[in-house]
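Undergrad: Sequence:
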Amino acid sequence: MLGRNEEKLRQVAQTVAEDTGALPQWFTLDLLTCTAEECHQLGQRIAAHYPRLDGVLHNAGLLGDICPMSEQNPHVWQDVMQVNVNATFMLTQALLPLLLKSDAGSLVFTSSSVGRQGRANWGAYATSKFATEGMMQVLADEYQNHPLRVNCINPGGTRTSMRASAFPTEDPQKLKTPADIMPLYLWLMGDDSRRKTGMTFDAQPGRKPGIGPMTEERYQQRQQRVKDRVDARVAAAQDERGIIIVFTGNGKGKTTAAFGTATRAVGHGKKVGVVQFIKGTWPNGERNLLEPHGVEFQVMATGFTWETQNRETDTAACMAVWEHGKRMLADPTLDMVVLDELTYMVAYDYLPLEEVINALNARPQNQTVIITGRGCHRDILELADTVSELRPVKHAFEAGVKAQMGIDY
1 MLGRNEEKLR QVAQTVAEDT GALPQWFTLD LLTCTAEECH QLGQRIAAHY
51 PRLDGVLHNA GLLGDICPMS EQNPHVWQDV MQVNVNATFM LTQALLPLLL
101 KSDAGSLVFT SSSVGRQGRA NWGAYATSKF ATEGMMQVLA DEYQNHPLRV
151 NCINPGGTRT SMRASAFPTE DPQKLKTPAD IMPLYLWLMG DDSRRKTGMT
201 FDAQPGRKPG IGPMTEERYQ QRQQRVKDRV DARVAAAQDE RGIIIVFTGN
251 GKGKTTAAFG TATRAVGHGK KVGVVQFIKG TWPNGERNLL EPHGVEFQVM
301 ATGFTWETQN RETDTAACMA VWEHGKRMLA DPTLDMVVLD ELTYMVAYDY
351 LPLEEVINAL NARPQNQTVI ITGRGCHRDI LELADTVSEL RPVKHAFEAG
401 VKAQMGIDY
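Taking the UniProt record's numbering, the leading residue of the sequence shown gets 1, the next gets one more, and so forth.
Calculated directly from the structure, the hints in this document are not laboratory data.
Glycine included, every Cβ here is placed at the ideal spot set by N, Cα and C.
Please note that a few of the clues may not be correct.
BS3-like mimics (lysine-lysine), calculated; alpha carbons at most 30 Å apart, straight line [claimed, not checked]:
| no. | residue 1 | residue 2 |
| --- | --- | --- |
| 1 | Lys394 | Lys252 |
| 2 | Lys196 | Lys101 |
| 3 | Lys196 | Lys176 |
Label pairs and their calculated CB-CB ranges [as the list claims (entries may be wrong)]:
| no. | residue 1 | residue 2 | range |
| --- | --- | --- | --- |
| 4 | Val226 | Gly206 | 31 to 37 Å |
| 5 | Leu381 | His75 | 20 to 26 Å |
| 6 | Leu100 | Val226 | 44 to 50 Å |
Using the sequences and the hints, build the whole thing.
TA: Structure representation (structure tokens):
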């Protein structure tokens, strides 16, 4: 037996001993934090007591959050994957040598209906069970010519604490108990199922999966979980300083996002400076809007263009406007500096990366900098506090639509 609670394992072992007259071995391991090395050591400890294993059942699991993908907490997601997938894999790998010594070994994983048909709001748990089904199928195929059987069991709605967490308004008395569905587990561990492998068995065939209607109580519980997570994150954020924001990627909207943020800053009475490394002196919407509000704009004299085909000219134009950029980055009266399309200057080697990094590091503590452009250098990304990568899906220009004033510039 394997679990994380020594006392509970001891109690179960005592019950088994009273019923059978044999005291089983038990081992402690926390699947949430276990490593491959710890699983390997566990395999060695088991091998010291037993020459082989005739069966292994993976039954531990975490439910995670029942909420839309957009609201899934990444830390909770990782915990679910660690327990339901990673630890299961590491334990299986560590115990396979003992299973393969049996002439009728049986390896059983615990699956779920949401591991075969995805269901809204079950993101982490469903994904982990899809992975479990895949792991079972891969192993069954790898050992198809060996006596080892590898299968999954979907227990269905069962009277457990996990089920109660997922369906808090459900009447548990209408559910089967774990003991009720135990015959299937015993059959898969016994000799009668020797030729069954690579299959998923339903412990309650024909039972309709509990989808759980969104009752007012469930809605309130879900929203409370969201509130608790948000409140915890807000409470943990105590620093007050300027940050570096990068908008990069091949999608449209990087400059738009930068000037949306700059407009917000101006709306709060903050002082903003802008350097545009590609756009020349021709008018554009953002400049028309922000200059009357005291926002300083500095642009490359001719704009960066592939039509010059003159490296010396382009480099000189870049370095000239960069002088204004350095001045702004050193100005303690500026709350925000926008370096629009800076990434191209670094990528084309018109602007030394080290000089940019030094200027960013030396800026006033409370000054925020926004950098835009494709292919941002990894050193700038590493220095940044917030990075958003815009991905193209569709673009009107690809369909032959001209750039439009007020939309594209």
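Undergrad: What hints, given by number in increasing order, does this structure fail?
TA: none
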